[in-house]
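Peer 1: Using the sequences and the hints, build the whole thing.
Residue-level listing of the chains:
Protein chains: 2
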Amino acid sequence: MKEIKVGLCGLGTVGTGVVNLLKNHKEEIKHKLGCEIVIKKVLVNNLHKQRDIAIDREWLTNNPDELVNNPDIDVIVEVMGGIEDTNLLLEQAVKNKKHIVTANKDLMAVHGQRLLRLAKENHCDIFYDASVAGGIPILRSLSDGLASDRIQKIMGIVNGTTNYILTKMTDEKLPFEPVLKEAQELGFAEADPTSDVEGLDAARKMTLLANLAFKMEIGLDDVEVSGISEISQEDITFANSLGYTIKLIGIASINRGKVEVSVEPTLLPHDHPLAQVKNEYNAVYVYGEAVGETMFYGPGAGSMPTATAVVSDLMEVIKNIRLGISGNSYISPQYETQLKQNTEKYTKYFIRMAVDDEAGTFQKITNVFSDQQVSFAKILQLPSNEKETAEIVMVTHQISKQQLLSSIENLYGLSVVNKIISYYRVDGEE
Amino acid sequence: MKEIKVGLCGLGTVGTGVVNLLKNHKEEIKHKLGCEIVIKKVLVNNLHKQRDIAIDREWLTNNPDELVNNPDIDVIVEVMGGIEDTNLLLEQAVKNKKHIVTANKDLMAVHGQRLLRLAKENHCDIFYDASVAGGIPILRSLSDGLASDRIQKIMGIVNGTTNYILTKMTDEKLPFEPVLKEAQELGFAEADPTSDVEGLDAARKMTLLANLAFKMEIGLDDVEVSGISEISQEDITFANSLGYTIKLIGIASINRGKVEVSVEPTLLPHDHPLAQVKNEYNAVYVYGEAVGETMFYGPGAGSMPTATAVVSDLMEVIKNIRLGISGNSYISPQYETQLKQNTEKYTKYFIRMAVDDEAGTFQKITNVFSDQQVSFAKILQLPSNEKETAEIVMVTHQISKQQLLSSIENLYGLSVVNKIISYYRVDGEE
Chain L
1 MKEIKVGLCG LGTVGTGVVN LLKNHKEEIK HKLGCEIVIK KVLVNNLHKQ RDIAIDREWL
61 TNNPDELVNN PDIDVIVEVM GGIEDTNLLL EQAVKNKKHI VTANKDLMAV HGQRLLRLAK
121 ENHCDIFYDA SVAGGIPILR SLSDGLASDR IQKIMGIVNG TTNYILTKMT DEKLPFEPVL
181 KEAQELGFAE ADPTSDVEGL DAARKMTLLA NLAFKMEIGL DDVEVSGISE ISQEDITFAN
241 SLGYTIKLIG IASINRGKVE VSVEPTLLPH DHPLAQVKNE YNAVYVYGEA VGETMFYGPG
301 AGSMPTATAV VSDLMEVIKN IRLGISGNSY ISPQYETQLK QNTEKYTKYF IRMAVDDEAG
361 TFQKITNVFS DQQVSFAKIL QLPSNEKETA EIVMVTHQIS KQQLLSSIEN LYGLSVVNKI
421 ISYYRVDGEE
Chain P
1 MKEIKVGLCG LGTVGTGVVN LLKNHKEEIK HKLGCEIVIK KVLVNNLHKQ RDIAIDREWL
61 TNNPDELVNN PDIDVIVEVM GGIEDTNLLL EQAVKNKKHI VTANKDLMAV HGQRLLRLAK
121 ENHCDIFYDA SVAGGIPILR SLSDGLASDR IQKIMGIVNG TTNYILTKMT DEKLPFEPVL
181 KEAQELGFAE ADPTSDVEGL DAARKMTLLA NLAFKMEIGL DDVEVSGISE ISQEDITFAN
241 SLGYTIKLIG IASINRGKVE VSVEPTLLPH DHPLAQVKNE YNAVYVYGEA VGETMFYGPG
301 AGSMPTATAV VSDLMEVIKN IRLGISGNSY ISPQYETQLK QNTEKYTKYF IRMAVDDEAG
361 TFQKITNVFS DQQVSFAKIL QLPSNEKETA EIVMVTHQIS KQQLLSSIEN LYGLSVVNKI
421 ISYYRVDGEE
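Top to bottom, those sequences are chains L and P. According to full-length UniProt numbering, numbering within the first sequence proceeds without interruption in unit steps and concludes at 430. According to full-length UniProt numbering, numbering within the second sequence proceeds without interruption in unit steps and concludes at 430.
Quick caveat, the hints were computed from the structure, so don't treat them as lab data. Heads up, the beta-carbon is just placed ideally off N, CA and C, and yes, glycines get one too. Do not take every clue at face value.
Said to hold, decoys possible - Here are the simulated EDC-like cross-link-like pairs (lysine to aspartate or glutamate), alpha carbons at most 16 Å apart as the crow flies:
1) L:278 to P:293
2) P:258 to P:217
3) P:215 to L:28
4) P:278 to L:271
To be verified - Using C-beta positions, here's what the derived DEER-type ranges look like:
5) L:257 to P:96: 36 to 46 Å
6) P:53 to L:152: 16 to 26 Å
7) P:377 to L:185: 52 to 62 Å
8) P:328 to L:85: 52 to 62 Å
What the hints assert, rightly or not - Covered stretches of chain P (in silico footprint by chain L; criterion: 3 or more residues with CB under 8 Å from a CB of chain L, positions within the stretch not fixed):
9) 24-37
10) 132-143
11) 146-157
12) 291-302
13) 327-341
Peer 2: Listed below in structure tokens is the structure:
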């Protein structure tokens with residue numbers, strides 16, 4: 001076999017990166033694989049669009065059949081995005097015994113498990129490392145490098161847009177709205193930023209990480225998600241004065257076979273490795289029973305970083321083709337998915353509230369918490385901007401989510417409590 | 001094939017970890033591999049020593065032949081250390097078609113390339129990810145996850161002992177000697193700390209990383225090494241006041257096919273990801289042409305972290321046995337080793353000197369540097385503790401090592417320069 005023929009779906013940012021990488025690193029790739037990679041067809045929407053890349057017009061097609069039903073093509077590289085239509089296309093490709101490399105987290109979070117099984121039945125590989133944390137080889141590290149360990153917790157900064165926004169809000173003491181606007185102008189945020197800002201993008205990636213780490217089938221609906229649009233400059237300042245940095249953290253953890261997956265603003269001690277991940281960078285912190293703390297850091301998006309992950313996956317597919325071992329990498333889930341209830345989810349919380357500044361207020365509040373067996377590690381009381389009110393900021397010891405929610409409900413029953421302004425998870429410290 | 005039989009050489013810290021990990025994670029490992037791993041023999045020095053581990057006495061032997069010449073054994077796991085004798089043992093094992101997993105950086109840095117070739121000839125695998133940065137799957141990430149990229153630079157904190165010592169010296173403002181003593185008492189430094197403290201241990205690991213990243217055969221003799229025993233509290237304080245943290249950094253870089261590998265105390269900007277790696281932790285920062293900046297962080301040593309790497313490698317060996325593709329992972333060097341000369345090694349330098357505190361001194365010094373076309377980014381002049389002398393601390397712009405060495409030689413020709421107290425590489429900033 002002298003060459004492997006690839007059908008590339010999509011010629012946007014990542015697709016262009018893939019074409020460039022295959023061209024620029026041609027010799028090294030050939031040395032490693034012992035064969036050449038040749039792009040046969042490229043699926044695009046617009047055949048006549050002007051493109052910033054030297055590409056043979058003959059390659060271009062807007063007909064998916066010329067890729068997925070083309071007997072000449074060995075591997076489909078899918079970097080065009082979309083969920084349902086793209087899924088049908090990839091299913092068809094797999095049924096035609098074509099291997100798949102995809103960077104499509106949206107699709108993999110929804111159809112991944114079924115597609116992986118279908119591929120295995122057809123002796124095909126599907127690799128999707130580019131779909132989580134761009135250039136960071138995190139899926140491989142979980143499935144190979146840490147294969148012998150039992151992963152207990154993953155904390156990920158897996159969305160570059162929100163990390164960029166929070167970094168700017170923290171470093172430049174600016175509110176959310178203007179920072180989002182700047183991020184949009186710089187291309188770090190989409191025109192419609194909802195999926196990033198409200199945590200959905202991160203949730204999709206956490207699903208993929210959790211399934212691989214815990215060997216289950218956790219669905220997107222199993223992930224509790226909250227985004228960053230409600231974080232205020234005051235939250236950041238209070239967190240900072242208590243020794244914490246606010247990050248949008250995806251958490252996946254397991255205890256006694258029960259899992260919890262969430263994406264939410266989280267306070268981390270300033271010296272936690274994740275607290276120091278700035279701007280649009282991504283990082284995935286993995287805690288394994290045997291290995292302890294590890295972290296994988298790098299660019300979470302971008303043309304060439306993502307292309308690196310795509311082409312590295314493509315090289316793995318080709319190695320497997322040449323060795324005749326395709327379709328062996330997928331391991332079916334070992335455990336039934338069991339989700340933790342609120343009474344089983346334990347963490348610390350940062351709680352910030354506006355209260356009447358009068359004698360007895362503090363005692364009433366602490367009574368509510370005592371009733372729920374909630375105790376505190378840190379308490380800060382400050383006069384607020386409004387007359388005759390004060391702000392109280394507290395950091396609890398480890399409590400269950402149930403204890404938190406009951407306490408908050410009961411706090412609202414107190415006339416001295418005007419508002420629970422915000423509450424956030426606190427993680428990453430003993 | 002129902003089980004894979006392993007011969008374990010060494011039952012010290014890591015060997016004990018391997019036995020425990022195989023036992024504790026037995027079910028998961030079996031699920032992933034579809035077969036069991038069985039330890040058949042364990043090579044030890046002392047058959048009768050009391051051990052903190054439940055192990056079948058029948059397994060123990062002090063005769064290597066019972067492992068390497070035992071037709072019953074499929075894989076040798078070598079975690080006993082040593083170079084020449086161990087090399088002979090592993091050679092014999094490979095000739096007997098046994099696969100190898102080793103955590104032995106000393107051996108791999110010296111005999112690695114020959115052993116890898118011998119294994120390939122015998123259709124055997126050798127994996128050694130545990131030998132660099134303990135629990136961090138860095139060798140795999142270079143060879144698989146970043147396979148498609150062209151690695152341009154690696155900077156590694158790959159020795160936990162020195163990082164622990166430098167962290168304590170920095171955070172607690174203590175000198176080298178008492179911190180070393182404390183590290184020895186806590187078990188973070190050996191009774192004879194030379195190999196760690198003087199950088200040799202890190203140099204071995206950098207050789208392995210550089211060979212894999214640059215596809216060459218760089219020998220240990222090609223690495224320039226200096227350790228941390230000469231770093232003073234004043235160096236740390238001056239570096240800090242200029243915005244830098246001192247770390248013992250292994251650097252491997254390539255430009256136009258020429259490489260430079262060194263281990264030396266290096267100043268990094270405080271916000272560089274490596275500057276924030278504390279205590280005994282390791283981290284490897286990888287700069288790839290396409291992917292950009294990535295970093296891999298985790299425990300560099302210890303029983304269970306290293307065992308995780310060993311057993312993950314063992315699982316890879318077994319997967320290959322079961323798929324019938326052993327001996328395919330080694331890729332022979334693609335390029336001839338070409339080392340950079342001093343005129344081709346470019347970086348910034350921190351230079352600290354004691355000078356006479358008299359008119360014209362500063363001009364004489366800057367003249368010396370101007371003659372060598374050396375210019376500065378930062379300059380600090382301070383009165384020294386000794387009368388009529390001052391200290392000057394400078395950080396240069398990018399210069400060649402040749403420019404540095406010539407400047408220093410010429411500075412010693414000036415009567416106003418009493419001593420070049422220290423000079424260090426400055427890296428990690430634009």
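Peer 1: Does each hint hold? Answer for all of them.
Peer 2: Hint-by-hint comparison with the structure:
1. For the suggested pair residue 278 (chain L) and residue 293 (chain P), the alpha carbons sit about 13 Å apart, so the restraint of at most 16 Å is met.
2. A C-alpha spacing of about 12 Å is found between residue 258 (chain P) and residue 217 (chain P), which places the hinted pair at or below 16 Å, so the restraint holds.
3. Between residue 215 (chain P) and residue 28 (chain L), the direct Cα distance comes to roughly 10 Å. Compliance with the 16 Å bound is thereby established for this hinted pair.
4. The suggested pairing of residue 278 (chain P) with residue 271 (chain L) holds, with an alpha-carbon distance near 9 Å, which does not exceed 16 Å.
5. The supplied range of 36 to 46 Å is met by residue 257 (chain L) and residue 96 (chain P), whose beta-carbon atoms lie about 42 Å from each other.
6. Checking the proposed 16 to 26 Å range against residue 53 (chain P) and residue 152 (chain L) shows it holds: the Cβ atoms sit about 23 Å from each other.
7. The hinted range of 52 to 62 Å is not satisfied by residue 377 (chain P) and residue 185 (chain L), whose Cβ atoms lie roughly 31 Å apart.
8. Judged by the Cβ atoms, the range 52 to 62 Å given for residue 328 (chain P) and residue 85 (chain L) is violated: they are separated by roughly 38 Å.
9. Beta-carbon proximity to chain L at under 8 Å applies to 6 residues in the region 24-37 of chain P; the threshold of 3 is reached and the given coverage holds.
10. Counting residues of the region 132-143 of chain P whose beta carbon lies closer than 8 Å to any beta carbon of chain L gives 5, which reaches the threshold of three, so the coverage claim holds.
11. With 5 residues having a beta carbon nearer than 8 Å to a beta carbon of chain L, the region 146-157 of chain P meets the requirement of three or more and the stated coverage holds.
12. With 10 residues having a Cβ less than 8 Å from any Cβ of chain L, the region 291-302 of chain P passes the three-residue criterion, so the hint holds.
13. Counting residues of the region 327-341 of chain P whose CB falls under 8 Å from any CB of chain L gives 3; the rule of at least 3 is met.
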